[in-house]
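**Q** Respectively, the protein sequence lines represent chains A, B and C. The opening residue of the first sequence carries number 1 in our numbering; numbering runs sequentially from there. The opening residue of the second sequence carries number 1 in our numbering; numbering runs sequentially from there. The opening residue of the third sequence carries number 1 in our numbering; numbering runs sequentially from there.
Hints listed in this document are in silico derivations from the structure and should not be mistaken for laboratory results. All C-beta atoms, glycine included, are put in the ideal place defined by N, C-alpha and C. Incorrect hints may have been included.
[Claimed, not checked] Distance condition first, Cα-Cα at most 30 Å in a straight line; then the derived DSBU-like pairs of lysine-lysine:
hint	chain 1	residue 1	chain 2	residue 2
1	B	K238	B	K218
2	B	K218	A	K154
3	A	K141	B	K14
4	B	K238	A	K141
[Said to hold, decoys possible] Partial list, computed: chain B residues near chain A (C-beta under 8 Å):
hint	residue
5	P72
6	P76
7	G102
8	A105
9	Q106
10	Y135
11	D252
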Amino acid sequence: MERYGSIFLFLLLWVVVSYAGIVSDDIIPSISQVGSYLYRGAVSGIIFSHIIASLGRSLSGFLASLLLGIPLGILMARVQFLDRLTSPLMATTYPIPKVALLPLFILWLGIGFKSKFCLVIIGCIYPIIMNTYQGVKMVDKFWIWSAQSMGATKWRLITRVVFPATLPYIFVGVRISLAISFLILFGVEMIGTRHGLGFLIINAMEEHRPDIIFAAAFCIASLGFSFDRLLLFVRMKLLLWRKEEFTTT
Amino acid sequence: MPKIEIQNLSKIFKGRRNQENILALHAVNLRIEEGEFVSLLGPSGCGKSTLLYIIAGFIAPSEGQVLKDNKPITAPGPDRGVVFQEFALFPWMTVSENIKFGLKAQNVPTEKQETIVDKYIEMMHLTHFRKAYIYELSGGMKQRVAIARTLAYEPDIILMDEPLGALDAQTRELLQEEILQIWERTQKTILFVTHSIDESIFLSTKIIIMSARPGTIKEVMNIRELFDREKKTKSNPKFIQFRDHIWNIIKDEVIKAQMGEFQGE
Amino acid sequence: MLSKSFRQICSWASENYSIVLIIVMWETVTRLSSIPSFFLPPFSSILMKLYEMLANGQLLPHIGISLYRAFGGFFMGLIVGVPAGFLMGRYRFFEAFFDPIIAFGYPMPKIAFMPIFMYWLGIGHLSKVFTIFLGTFFPILINTYYGVKSVDYLLIWAALGMGATPRTIFRRVTIPGAMPYIFVGLNVSMGVSLLLVFFAEMIGAESGLGWLIIWGSNQFDTELVFAGILVISFLGVFMNRIMTAIQNQVLEWNK
Chain A
1 MERYGSIFLF LLLWVVVSYA GIVSDDIIPS ISQVGSYLYR GAVSGIIFSH
51 IIASLGRSLS GFLASLLLGI PLGILMARVQ FLDRLTSPLM ATTYPIPKVA
101 LLPLFILWLG IGFKSKFCLV IIGCIYPIIM NTYQGVKMVD KFWIWSAQSM
151 GATKWRLITR VVFPATLPYI FVGVRISLAI SFLILFGVEM IGTRHGLGFL
201 IINAMEEHRP DIIFAAAFCI ASLGFSFDRL LLFVRMKLLL WRKEEFTTT
Chain B
1 MPKIEIQNLS KIFKGRRNQE NILALHAVNL RIEEGEFVSL LGPSGCGKST
51 LLYIIAGFIA PSEGQVLKDN KPITAPGPDR GVVFQEFALF PWMTVSENIK
101 FGLKAQNVPT EKQETIVDKY IEMMHLTHFR KAYIYELSGG MKQRVAIART
151 LAYEPDIILM DEPLGALDAQ TRELLQEEIL QIWERTQKTI LFVTHSIDES
201 IFLSTKIIIM SARPGTIKEV MNIRELFDRE KKTKSNPKFI QFRDHIWNII
251 KDEVIKAQMG EFQGE
Chain C
1 MLSKSFRQIC SWASENYSIV LIIVMWETVT RLSSIPSFFL PPFSSILMKL
51 YEMLANGQLL PHIGISLYRA FGGFFMGLIV GVPAGFLMGR YRFFEAFFDP
101 IIAFGYPMPK IAFMPIFMYW LGIGHLSKVF TIFLGTFFPI LINTYYGVKS
151 VDYLLIWAAL GMGATPRTIF RRVTIPGAMP YIFVGLNVSM GVSLLLVFFA
201 EMIGAESGLG WLIIWGSNQF DTELVFAGIL VISFLGVFMN RIMTAIQNQV
251 LEWNK
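If we strip away everything but chain A, and leave its shape as in the complex, we get (with noise of 0.2 Å):
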């Protein structure tokens, strides 16, 4: 109970100061008028036309992201050739805010969801990689060795040994990447779409609704809150031979 103390302090913090009138219910909505919107829009199915045109944005390109940048890092790492020429450039490329590609996607792609597509790629990539490259280049020697000296063959090494042995740190970048799909899922919506929570939201914001924005907002958070935990809960599943992995954090 306690430790969500400080939630519980926030909402009633919320309820008292619009309820006291203490700031107009136009500025901040009260509680009511939200949860009011949210229950019509959950009825009517609006909500969730919306939220499943996001979801599908962000996840399909997150799950692009790791089909193409897990088998890269893993090649990257243990390619040398590959290495040397493509580690300098992630080092360099790195720093910069992915973003700043969204103008010249949506001029090259049109505004619709291709060039949000691909921007939601290369954003969430660029964690897959490092992470799965920093965790196969982490694989102890020892393993590598013990496999080959077993008579192991090249792919085997590289499914049964380099691949589990490199999941924990692929699933640091996933989670990373998770976060980063839906930030840039989210952002992108308020530019030019007519579907998804964050065209929802910046209409919304358009239209003087307040109660819709905070429902909105509460939605995104929702959403990427428990995709966190179901991401969490996954990889409990998968590592339950690290015996750490029973944190939930």
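Assemble chains B and C onto chain A, guided by the hints.
**A** Same frame as chain A, but now just chains B and C:
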């Protein structure tokens, strides 16, 4: 024909950027016969592990060659099993999966895999830990799994790099006896790297004493001739006598090695 | 003096030869083939556009505005986050207080707050600064917290044994001990602040680099867009280098 023959082996490690090259091994000549239990004994940094890794095929020699059954060694392979000091067990696999790894790599049929795993689990006293993950095991158990894993696919030779070095003294004593029993039972050729004089006398039929870096063979002592195995306990006066003898041979090298480290070699 | 910087450029180029290669390929391909310059302008014309914008004073104000907002948010995050992190690391009460805030707040995409701030504060600087503040606050808070927690309690015991007061321990053991983590947090936050400022400016602004390139995109001025991206990239890399250099300087003892 000796099982392993090392001919004029040298190894130089290239120094990085501002560091000099390191001559780890110099002109090593050695013969290991089948069925022997050979210990490589020497001070820290003398290259005994390097020598082991070259025989295992992980590192290539700079000069000279290593022959096994008269054929040069070029890469690691299932004919030479390796047991490492830090166990090198795969933590994402259970005990039995670890033991099966070599069998799977050799494409041993599945039913046979189970029988072999059973055999070695019993031999290494691992019966209750079949489905356990590595993190659940103590140091001694881990090393038992490592040994079982290596024995399972029946390599010709077993190379051990200070396998008992990471264990506490009591577990170490216990495992020394178990390793000796395994050797007697399986008749394998074993090459065993160690720091401990006691351990090498207790376990081996032959001790190879190495000098400080650059590592060369200082002396070869044939233990089998000096002992009747029944009486080879650590309290036997003959044992103690040889322990002192070997220590005297090695002492200078140990000091040399330590001074070398101190001077930032 | 000219030859020294020339040599520096050459050594950078040889280390990052893949980038040089890309630029060279870019220039040759665009000049030689028939790719429309609307789609991919030659690198040299991008540089010329950049020079042009710098010269006629168009570019600098926007850079200044973006940096002003980014740093504003960054410093707010620093000033609030570091003390909060120390409190959190030191006192159970604050740990319990901030823990759920982090659990809910950290995974939330901070950009989603932009509309809220824009609604309250309009389209000017403050909405961006506050959004950036939220973005930098969490990494700084979390890293400072971990930094404080990571200080080996043996060191603290040793200090206590030598008769140090809690205040002294805090100043001379805890703070230096936490520094490596804090700097990681600062480095990350610097990157976040840049990312958020440009993103926020694309969403709702009338000035700043982010606004500039999205405007350029609407005008189909590809060269402007690329020029802007170049400036942003340079800023990102440059700030990262500075932060890392400061980190190394302050943390000499941690090597």
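**Q** So, for every hint listed, does it hold in this structure?
**A** Structure-based check of each hint:
A threshold of 30 Å between alpha carbons decides the hint, and for K238 of chain B with K218 of chain B the separation of about 22 Å falls inside it, so the pair holds. The suggested pairing of K218 of chain B with K154 of chain A is violated, with an alpha-carbon distance near 39 Å, which exceeds 30 Å. Using a Cα cut-off of 30 Å, the hinted pair K141 of chain A and K14 of chain B holds, with the two alpha carbons roughly 19 Å apart. Proximity of K238 of chain B to K141 of chain A is assessed by CA-CA distance (about 41 Å); at most 30 Å being required, the pair is judged violated.
A cut of 8 Å between beta carbons decides the hint on P72 of chain B: the least distance to chain A is about 17 Å, and the hint is violated. Hint on P76 of chain B holds. Least Cβ distance to chain A is approximately 4 Å, under the 8 Å limit. Against a cut-off of 8 Å between C-beta atoms, the interface hint on G102 of chain B holds, since the closest Cβ of chain A lies about 4 Å away. For the restraint placing A105 of chain B at the interface with chain A, the shortest Cβ-Cβ distance is roughly 4 Å, inside the 8 Å limit, so the hint holds.
Interface hint status for Q106 of chain B: upheld, as the beta-carbon distance to the closest one in chain A is roughly 6 Å, under 8 Å. Contact between Y135 of chain B and chain A, as hinted, is supported at the beta carbon level, the nearest pair being about 5 Å apart and thus within 8 Å. Because the closest C-beta pair between D252 of chain B and chain A is about 32 Å apart, greater than 8 Å, the hint is violated.
Of the hints listed earlier, those the structure fails to meet are numbers 2, 4, 5, 11, in rising order.
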